[in-house]
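Make a model of the complete structure from these sequences and hints.
The primary structure of each chain is shown beneath.
Number of protein chains: 2
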Amino acid sequence: MTTSISIFDTTLRDGTQGEGISLTAEDKLKIALKLDALGVHYIEGGNPGSNGKDIEFFKRARELNLQAKLTAFGSTRRKNSTCEQDVNLKHLIESGARAATLVGKTWDFHVHTALQTTLEENLAMIYESIAYVKRHGLEAIFDSEHFFDGYKANPDYAIAALAKAKEAGADWIVLCDTNGGTLPTEIHDIVSRVTSLIQAPIGIHTHNDCELAVANSLAAVNAGARQVQGTINGYGERCGNANLVSILPNLQLKMGYSCISDEQLKSLTSVARYVGEIANVSLPVNQPYVGTAAFAHKGGIHVSAILKDSKTYEHISPELVGNKQRVLVSELAGQSNIVSKAQELGLEVSEVAKSRELIDRIKKLEHEGYQFEGADASLELLLREAFGDSEPMFTVDSFKIHCEQPSVSGNTDMLTEAIVKLRVGGQQVYTVAEGNGPVNALDNALRKALAPFYPAIANIHLSDYKVRVLDEKDTTAAKVRVLIESSDFHDTWSTVGVSSNVIEASWEALVDSIRYALLSMTRSESVPEAIPESLGLVNH
Amino acid sequence: MTTSISIFDTTLRDGTQGEGISLTAEDKLKIALKLDALGVHYIEGGNPGSNGKDIEFFKRARELNLQAKLTAFGSTRRKNSTCEQDVNLKHLIESGARAATLVGKTWDFHVHTALQTTLEENLAMIYESIAYVKRHGLEAIFDSEHFFDGYKANPDYAIAALAKAKEAGADWIVLCDTNGGTLPTEIHDIVSRVTSLIQAPIGIHTHNDCELAVANSLAAVNAGARQVQGTINGYGERCGNANLVSILPNLQLKMGYSCISDEQLKSLTSVARYVGEIANVSLPVNQPYVGTAAFAHKGGIHVSAILKDSKTYEHISPELVGNKQRVLVSELAGQSNIVSKAQELGLEVSEVAKSRELIDRIKKLEHEGYQFEGADASLELLLREAFGDSEPMFTVDSFKIHCEQPSVSGNTDMLTEAIVKLRVGGQQVYTVAEGNGPVNALDNALRKALAPFYPAIANIHLSDYKVRVLDEKDTTAAKVRVLIESSDFHDTWSTVGVSSNVIEASWEALVDSIRYALLSMTRSESVPEAIPESLGLVNH
Chain S
1 MTTSISIFDT TLRDGTQGEG ISLTAEDKLK IALKLDALGV HYIEGGNPGS NGKDIEFFKR
61 ARELNLQAKL TAFGSTRRKN STCEQDVNLK HLIESGARAA TLVGKTWDFH VHTALQTTLE
121 ENLAMIYESI AYVKRHGLEA IFDSEHFFDG YKANPDYAIA ALAKAKEAGA DWIVLCDTNG
181 GTLPTEIHDI VSRVTSLIQA PIGIHTHNDC ELAVANSLAA VNAGARQVQG TINGYGERCG
241 NANLVSILPN LQLKMGYSCI SDEQLKSLTS VARYVGEIAN VSLPVNQPYV GTAAFAHKGG
301 IHVSAILKDS KTYEHISPEL VGNKQRVLVS ELAGQSNIVS KAQELGLEVS EVAKSRELID
361 RIKKLEHEGY QFEGADASLE LLLREAFGDS EPMFTVDSFK IHCEQPSVSG NTDMLTEAIV
421 KLRVGGQQVY TVAEGNGPVN ALDNALRKAL APFYPAIANI HLSDYKVRVL DEKDTTAAKV
481 RVLIESSDFH DTWSTVGVSS NVIEASWEAL VDSIRYALLS MTRSESVPEA IPESLGLVNH
Chain X
1 MTTSISIFDT TLRDGTQGEG ISLTAEDKLK IALKLDALGV HYIEGGNPGS NGKDIEFFKR
61 ARELNLQAKL TAFGSTRRKN STCEQDVNLK HLIESGARAA TLVGKTWDFH VHTALQTTLE
121 ENLAMIYESI AYVKRHGLEA IFDSEHFFDG YKANPDYAIA ALAKAKEAGA DWIVLCDTNG
181 GTLPTEIHDI VSRVTSLIQA PIGIHTHNDC ELAVANSLAA VNAGARQVQG TINGYGERCG
241 NANLVSILPN LQLKMGYSCI SDEQLKSLTS VARYVGEIAN VSLPVNQPYV GTAAFAHKGG
301 IHVSAILKDS KTYEHISPEL VGNKQRVLVS ELAGQSNIVS KAQELGLEVS EVAKSRELID
361 RIKKLEHEGY QFEGADASLE LLLREAFGDS EPMFTVDSFK IHCEQPSVSG NTDMLTEAIV
421 KLRVGGQQVY TVAEGNGPVN ALDNALRKAL APFYPAIANI HLSDYKVRVL DEKDTTAAKV
481 RVLIESSDFH DTWSTVGVSS NVIEASWEAL VDSIRYALLS MTRSESVPEA IPESLGLVNH
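Chains as they are written, first to last, in full-length UniProt numbering: chain S, 1 to 540; chain X, 1 to 540.
Just so you know, the hints here were simulated from the structure itself, not pulled from any lab data. Heads up, a few of these hints could be off.
Since the list can't tell identical chains apart, any single copy or any two copies may satisfy a pair.
[Claimed, not checked] Straight-line alpha carbon distances no greater than 25 Å define the calculated SDA-like cross-link-like pairs of lysine to any residue that follow:
| id | residue 1 | residue 2 |
| --- | --- | --- |
| 1 | Lys363 | Gln343 |
| 2 | Lys134 | Leu66 |
| 3 | Lys79 | His91 |
| 4 | Lys364 | Gly410 |
| 5 | Lys479 | Asp27 |
| 6 | Lys254 | Pro201 |
| 7 | Lys30 | Arg468 |
| 8 | Lys53 | Glu63 |
| 9 | Lys479 | Glu56 |
| 10 | Lys479 | Val498 |
| 11 | Lys311 | Glu120 |
| 12 | Lys479 | Arg468 |
| 13 | Lys254 | Ser192 |
| 14 | Lys363 | Ser282 |
| 15 | Lys324 | Leu265 |
| 16 | Lys53 | Leu365 |
| 17 | Lys364 | Asn51 |
| 18 | Lys421 | His402 |
Treat the numbers as computed from the prediction; the structure is a model and nothing was measured.
Here's what the structure looks like:
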């Protein structure tokens with residue numbers, strides 16, 4: 001029987017301390033749903049005491065009915081005060097979270113320098129704060145800040161602080177390497193010492209300042225820790241937190257611990273990429289386990305060996321974490337994949353020749369920078385077209401953009417107009433529209449042209465727009481990939497466009513998005529009804 | 001007295017196996033000089049048997065008179081043949097390198113599956129190949145490919161292979177975790193076993209497939225390994241090689257080994273960034289030790305503690321590795337941050353009123369969607385302006401974009417032209433330029449207008465361009481934030497622009513970027529000398 005490890009995700013709290021990571025309440029809700037599906041046991045949503053955004057998140061998160069324990073973060077009470085008087089603790093209790101993480105000091109130096117109080121008062125702060133949240137029926141997790149530095153400086157005091165937390169009823173005592181400066185051997189020794197002295201469930205929380213956060217987490221588990229705190233893709237302050245995306249498969253596939261189900265582990269790659277997309281941080285291609293290059297084989301010898309037996313140059317089978325091997329053939333180009341995808345769409349795929357042709361086309365497009373993993377709708381259009389199951393709905397003759405800032409000093413708004421020439425059915429439609437940006441203007445002109453023919457187009461809106469530079473050489477002249485996400489009341493779909501010209505790439509994704517929408521409308525009798533403004537997740 | 005560890009850099013060989021990493025001979029020579037100054041002991045330059053580019057590199061590298069031992073990479077001889085008949089070994093000898101790395105098999109499974117020969121023949125290949133390069137007066141380093149997998153599968157054979165290499169006179173026997181799948185505890189156990197059985201200097205070569213390459217290298221050193229092989233920034237196939245940029249300070253500052261001088265360690269940050277520039281890969285902001293965020297502190301408790309004593313939230317002093325502390329001016333916590341930032345820039349901040357005014361301005365801008373933590377240069381311009389320490393260099397009257405796709409079906413390229421009207425000094429400048437996108441066209445027009453006044457502008461190039469949608473409601477009409485990163489031969493800086501119009505936001509960031517560059521040029525007397533075409537750096 002395998003030992004299980006509790007996975008505590010703090011992407012939404014500590015993760016947002018990372019430079020350049022900022023998430024709206026909306027973003028956080030989307031990520032929380034993914035984390036819950038992945039099967040983590042705790043989702044730390046934020047610090048309701050610190051800002052209104054987090055209060056809103058907790059309010060709305062209650063409606064998600066998560067399996068994971070929704071957790072709120074806060075500090076032990078202020079010095080020389082009481083918990084009842086502490087506004088942050090009050091917010092924490094009122095957040096509606098099922099568990100509370102309370103961070104407290106265990107390093108005497110910090111008690112003196114940062115808190116500027118006495119060692120005794122700090123122990124009282126820990127005891128009373130833990131007891132307070134327990135009294136209010138929350139599970140209590142004690143994050144012992146700087147524990148390892150504290151233990152090295154004054155082991156007796158560091159241990160005394162943990163003992164206080166346990167005495168007050170803490171459900172978990174988590175040892176934090178807050179500054180990320182501790183080595184795996186030290187972690188192993190100190191955690192072993194703690195587990196021998198403190199009879200409570202122990203957790204580990206590490207940072208990556210020495211590029212050792214993953215190793216330190218594993219060392220702690222080897223020494224008896226049973227909860228691991230970390231973030232998706234290792235987001236976090238300075239060099240980041242421990243990366244759960246690497247820790248999960250290491251614990252489960254290599255060390256024989258159980259954390260999540262095998263099925264959930266298979267979603268690891270898509271979760272990591274999804275969170276990266278929402279945070280608008282492109283995943284490093286070489287990210288362990290989930291990067292697009294993690295199982296990509298370049299050099300000749302490797303490839304020939306791989307073809308003989310993939311075990312020769314792969315430490316695990318990529319499928320276990322939902323990733324794919326990439327050799328000469330790109331992920332989509334395997335004929336079997338194409339055929340199964342086409343059958344999934346109910347297409348007639350008897351003609352082998354056609355699917356070959358299609359594979360070559362997709363290979364070519366991917367080589368040019370298209371990426372269909374994030375653009376299901378564009379892929380479906382491609383397939384339907386290849387298998388002769390789509391009318392284009394409309395064709396584009398030409399389009400133009402004029403963009404002008406007549407007087408910078410005068411603070412006048414920019415004028416942007418788009419002119420598009422289309423053919424719908426037999427008719428030519430020639431329309432012009434303004435917008436407060438080129439893409440908005442094109443979108444408006446396109447809708448204006450199509451509305452008379454397809455009134456239901458009114459229900460479609462763009463829900464996300466992302467631009468990625470593909471080639472960093474001479475960036476403004478490089479190719480860009482635009483990903484557009486669109487929604488109606490029923491559905492959300494993504495399309496892609498690639499060009500050295502961001503306007504052209506955006507237009508391409510825009511046209512795909514509308515085409516896909518019109519196709520599914522004509523396919524399903526039921527034209528989507530208008531969307532109530534109130535709905536959070538759909539019509540953001 | 002401290003034990004010294006030999007540092008073997010393979011950035012120029014294994015590092016170039018990384019996806020998206022490709023280096024010209026020119027690039028490699030520049031990097032070799034930096035590595036030599038950093039003080040690594042071996043520089044593996046490439047595989048002269050595999051391609052002409054590497055042969056050229058070795059030819060030209062001889063003229064550099066490196067302190068480090070220039071090393072050439074190759075494989076043990078072909079099966080059922082002789083070393084004298086082996087073309088690759090011939091190239092290796094003729095390369096003029098002082099040392100040779102020979103990779104050979106130690107995993108029986110690989111001997112059968114990949115080499116498809118007998119276990120005996122493989123031992124002969126190892127023995128004869130090592131003896132051959134020794135006979136030709138080269139130092140011999142045996143890279144035992146897949147050693148750890150091999151040891152787990154068949155310890156006796158794996159050890160026998162190492163013994164053969166030693167018997168043939170190998171100067172170093174390097175244990176490779178080629179697939180990157182081994183855990184630190186396993187590395188420690190197996191290396192301890194090897195050092196007890198093989199009386200020869202042992203090295204370690206790890207890969208990062210489990211995000212454990214750094215930890216595995218340290219574990220091997222703890223078990224007696226005395227050479228560490230790795231690459232700058234961890235470049236390498238799949239998930240990369242062990243990152244020397246993290247290993248060096250870990251060994252030297254935390255574990256008490258000596259590798260390079262303290263002065264050389266202070267150049268670590270600039271070396272890591274330089275190699276990133278040449279490889280044209282932007283360094284992750286959160287890269288341990290050397291990233292721009294590695295010692296960056298975001299608002300609140302941390303900052304106030306840092307100001308009391310930086311030891312509170314820093315595991316080492318950033319200066320030891322040539323990095324520096326940054327207080328991120330995000331959700332601009334109080335006056336103290338602004339004032340300290342201004343003082344850092346050597347500005348006269350006596351007027352409290354002014355800094356108050358400035359804080360309100362910055363708060364307002366951040367509320368509008370600006371984000372200065374990722375845009376130091378825009379923040380600096382703002383501060384200098386507020387404290388009356390900047391001439392605008394040029395002012396913008398107006399700008400226009402025309403963007404046209406005359407015939408979609410005709411597959412004609414889009415035409416994009418930008419027209420800008422500026423004032424430089426007293427003069428009005430009115431220029432037009434084409435580009436393969438609106439931002440590129442604006443960039444070209446701006447340079448065209450300014451080049452006659454500031455020729456050094458030719459040395460500046462955009463190195464990254466990011467677009468982030470701020471308000472997800474009705475996205476194409478939402479506000480966007482554009483972040484632009486620019487570089488010259490000396491430096492890298494970031495600027496920000498926000499608008500509902502992506503063109504306007506890009507223009508704003510572009511103008512800030514050029515203004516900042518011109519300001520620093522005029523501030524430092526030495527206008528950066530024009531850079532010869534031949535140097536990859538500027539004109540990528």
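Problem - Within, between, both or neither: Lys421, His402 at alpha-carbon 25 Å - result: Close inside one copy (15 Å) and across copies (17 Å); limit 25 Å.
Exercise for the section: Since the copies are identical, ignore which copy is meant and state whether Lys30 and Arg468 lie within 25 Å (CA to CA) inside a copy, between copies, both or neither. Expected result: Answer is both: 21 Å inside a copy and 17 Å across each meet the 25 Å cutoff.
Exercise for the section: First find the shortest C-alpha distance between Lys53 and Glu63 inside one copy, then the shortest across copies, and answer within, between, both or neither for a cut-off of 25 Å. Expected result: within (16 Å within a copy, 61 Å between copies)
Exercise for the section: Classify it for me, Lys479 with Asp27: is the Cα-Cα distance of at most 25 Å met within a copy, between copies, both or neither? Expected result: Intra 27 Å, inter 16 Å, cutoff 25 Å: inter-copy only.
Problem - Homo-oligomer pair classification [Arg468, Lys479; C-alpha up to 25 Å] - result: both (9 Å within a copy, 17 Å between copies)
Handout entry: 25 Å Cα threshold - placement of Gly410 relative to Lys364
Key = Between copies only: 20 Å across, 48 Å inside.
Practice task
Tell me, please, which holds for Lys134 and Leu66 at an alpha-carbon limit of 25 Å: within, between, both or neither?
Solution key: within (21 Å within a copy, 65 Å between copies)
Exercise for the section: Can you give me the call for Lys311 and Glu120, within, between, both or neither, at a CA distance of at most 25 Å? Expected result: Between copies only: 23 Å across, 58 Å inside.
Problem - 25 Å Cα threshold - placement of His91 relative to Lys79 - result: This pair counts as within: shortest intra-copy Cα distance 18 Å, inter-copy 72 Å.
Handout entry: Copy assignment of Lys254 with Ser192, given that the CA separation must stay at most 25 Å
Key = both (21 Å within a copy, 21 Å between copies)
Problem - Homo-oligomer pair classification [Asn51, Lys364; C-alpha up to 25 Å] - result: between (48 Å within a copy, 18 Å between copies)
Practice task
Have a look at Lys254 and Pro201 and pick one of within, between, both or neither, based on CA distance no larger than 25 Å.
Solution key: within (23 Å within a copy, 30 Å between copies)
Figure legend: structure checked against the earlier numbered hints; every hint is met.
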